[in-house]
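S.K.: Sequence:
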Amino acid sequence: MSRSERLIDTTHPNHVYCIEPQSRHYLAHGDLWDYLYEEYRAVQPEGHYIPFTLELGSWLWVKKNWSQAFSAHGFFNPHLPHRVRRTLRRHLLLFDLFHRAVRSPEPWTKLDEAERERLRRQGLEWWYAKS
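When we follow numbering that gives the first Met the number 0, the leftmost residue of the sequence shown carries the number 0, and every step to the right adds one.
Misleading hints may appear alongside valid ones.
Across the chosen pairs, the derived CB separations fall in these ranges [unchecked claim]:
{"id": "1", "residue 1": "N13", "residue 2": "H47", "range": "37 to 43 angstroms"}
{"id": "2", "residue 1": "K62", "residue 2": "D111", "range": "47 to 53 angstroms"}
{"id": "3", "residue 1": "D111", "residue 2": "Y36", "range": "20 to 26 angstroms"}
{"id": "4", "residue 1": "Q43", "residue 2": "K63", "range": "40 to 46 angstroms"}
{"id": "5", "residue 1": "L110", "residue 2": "Y39", "range": "17 to 23 angstroms"}
{"id": "6", "residue 1": "K62", "residue 2": "S103", "range": "40 to 46 angstroms"}
{"id": "7", "residue 1": "W32", "residue 2": "E105", "range": "21 to 27 angstroms"}
{"id": "8", "residue 1": "I49", "residue 2": "V15", "range": "16 to 22 angstroms"}
{"id": "9", "residue 1": "R85", "residue 2": "D111", "range": "41 to 47 angstroms"}
{"id": "10", "residue 1": "Y16", "residue 2": "Y36", "range": "19 to 25 angstroms"}
{"id": "11", "residue 1": "E19", "residue 2": "H81", "range": "26 to 32 angstroms"}
{"id": "12", "residue 1": "V15", "residue 2": "R119", "range": "26 to 32 angstroms"}
{"id": "13", "residue 1": "W32", "residue 2": "E112", "range": "34 to 40 angstroms"}
{"id": "14", "residue 1": "L110", "residue 2": "R85", "range": "35 to 41 angstroms"}
No lab work stands behind these hints: they were computed from the structure.
All C-beta atoms in this analysis are idealised placements derived from N, C-alpha and C, irrespective of residue type, glycine included.
All chains, full assembly: derive it from the sequences and hints.
M.R.: As structure tokens, this is what we get:
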């Protein structure tokens, strides 16, 4: 289990999120995240970057409004105002959790080298075992 998944499981035990590598389902999007990560690291070499993607939409929305499939805004992005509000309202606790994690990074970023390496290995084992 990754540290981020443990944090979400601990703070919100009844969450509905599936935390997994993006490449598991979206092979074309990895290049964008790699580019953004490299750009961030060039400016903030010692900074912390959390590439977390939250899929907000649903196939049900596309079935209700098939023209959304041809939208430049994206296949699953909520287009109707009430759907945007409902979607954002549903994820307020997750947004709050990430906001607090970014505002107070010391507990999860100030690790000694041995602990950081242990967590890195544990995360890679967890991550690629799921693939």
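S.K.: With reference to the structure, classify each hint as holding or not holding.
M.R.: Verification of the supplied hints:
Distance hint check for N13 and H47: the Cβ-Cβ separation is about 27 angstroms, which falls outside the suggested range of 37 to 43 angstroms. Separated by about 51 angstroms at the C-beta atoms, K62 and D111 satisfy the suggested range of 47 to 53 angstroms. Distance hint check for D111 and Y36: the Cβ-Cβ separation is about 24 angstroms, which falls inside the suggested range of 20 to 26 angstroms. At roughly 42 angstroms, the beta carbons of Q43 and K63 sit within the given window of 40 to 46 angstroms.
Checked against the given bound of 17 to 23 angstroms, the beta carbons of L110 and Y39, roughly 20 angstroms apart, stay inside it. Evaluation of the 40 to 46 angstroms hint for K62 and S103 yields a pass: the beta carbon distance comes to about 41 angstroms. Distance hint check: the CB atoms of W32 and E105 are about 25 angstroms apart, consistent with the given range 21 to 27 angstroms. Range check, I49 to V15: Cβ separation about 19 angstroms, and the 16 to 22 angstroms hint holds.
Checked against the hint of 41 to 47 angstroms, the C-beta distance between R85 and D111 comes to roughly 44 angstroms, which is consistent with it. Roughly 21 angstroms separates the CB atoms of Y16 and Y36, a value that falls within the hinted 19 to 25 angstroms. The hint said 26 to 32 angstroms for the Cβ distance between E19 and H81, and at roughly 29 angstroms that hint holds. For the pair V15 and R119, the supplied restraint of 26 to 32 angstroms holds, since their beta-carbon distance comes to about 28 angstroms.
The hinted range of 34 to 40 angstroms is not satisfied by W32 and E112, whose Cβ atoms lie roughly 26 angstroms apart. In this structure the hint that L110 and R85 lie 35 to 41 angstroms apart at CB holds, the actual value being about 38 angstroms.
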